[in-house]
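Please work from the sequences and hints to get the whole structure.
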Amino acid sequence: DAKTTQPTSMDCAEGRAANLPCNHSTISGNEYVYWYRQIHSQGPQYIIHGLKNNETNEMASLIITEDRKSSTLILPHATLRDTAVYYCIVRGYSSGSARQLTFGSGTQLTVLP
Amino acid sequence: EAGVAQSPRYKIIEKRQSVAFWCNPISGHATLYWYQQILGQGPKLLIQFQNNGVVDDSQLPKDRFSAERLKGVDSTLKIQPAKLEDSAVYLCASSPGGVPTGELFFGEGSRLTVL
Numbered sequence: 001d002a003k004t005t006q007p008t009s010m011d012c013a014e015g016r017a018a019n020l021p022c023n024h025s026t027i028s029g030n031e032y033v034y035w036y037r038q039i040h041s042q043g044p045q046y047i048i049h050g051l052k053n054n055e056t057n058e059m060a061s062l063i064i065t066e067d068r069k070s071s072t073l074i075l076p077h078a079t080l081r082d083t084a085v086y087y088c089i090v091r092g093y094s095s096g097s098a099r100q101l102t103f104g105s106g107t108q109l110t111v112l113p
Numbered sequence: 001e002a003g004v005a006q007s008p009r010y011k012i013i014e015k016r017q018s019v020a021f022w023c024n025p026i027s028g029h030a031t032l033y034w035y036q037q038i039l040g041q042g043p044k045l046l047i048q049f050q051n052n053g054v055v056d057d058s059q060l061p062k063d064r065f066s067a068e069r070l071k072g073v074d075s076t077l078k079i080q081p082a083k084l085e086d087s088a089v090y091l092c093a094s095s096p097g098g099v100p101t102g103e104l105f106f107g108e109g110s111r112l113t114v115l
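If you read the sequences in order, they're chains A and B.
Heads up, the first sequence stops at 113 in the working numbering, and the numbers go up one at a time, no gaps.
Heads up, the second sequence stops at 115 in the working numbering, and the numbers go up one at a time, no gaps.
No lab work stands behind these hints: they were computed from the structure.
Just to be clear, a hint being listed does not mean it is correct.
Said to hold, decoys possible - One side only, chain A facing chain B, incomplete, derived with CB under 7 angstroms:
id : residue
1  : Thr8
2  : Cys12
3  : Gln42
4  : Pro44
5  : Phe103
From the three backbone atoms N, C-alpha and C, an ideal C-beta is built for every residue, glycine too.
In structure tokens, the structure reads:
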């Protein structure tokens, strides 16, 4: 799986958009970009994933650059409950061991009141 | 829908003792994973099951860790004997079979402290 690079930490004001960047310059054509988050003392939670088109769901939006070497997770109106570690992961879309997720250290997002 | 259940939530043991963690995945989920998360790090995969077969256990320290999923449903992870460096949160996750969506469902984890 391609390696990802994320900032160690970020702050965001409550009610503002939180934009979390991720670099994945070695991503291959069949690898998807996934985002998970982990709130303190809980297990990781799936947020969103995409291949090359931008994606949006009830939690967030995912913007993937045209060359697919980087992406940004957008939380449109951050709340205090969005304070968590956010993991960007790239992964192939097939069966067996390729279903694994390899977590890095992620970005600690702190939403400030 | 019930989530992934894990027990115990917390366990404190002394080094060289043994410990077992239990996981009940979401009903119908064929794939089950055990992850180890050391404080300040991201989760690291220990073992992946597909039904009752092992798909990948390359990162499982087999001299002291073992895991089983005998009936393809719930699973047990055992550590014997425990070392200080085994202090971590042990996370269980599951995902449905068939077309992989990439969405894993995690339990709340079992926090192990080895003294």
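- What are the numbers of the hints that this structure violates, sorted from low to high? 1, 2
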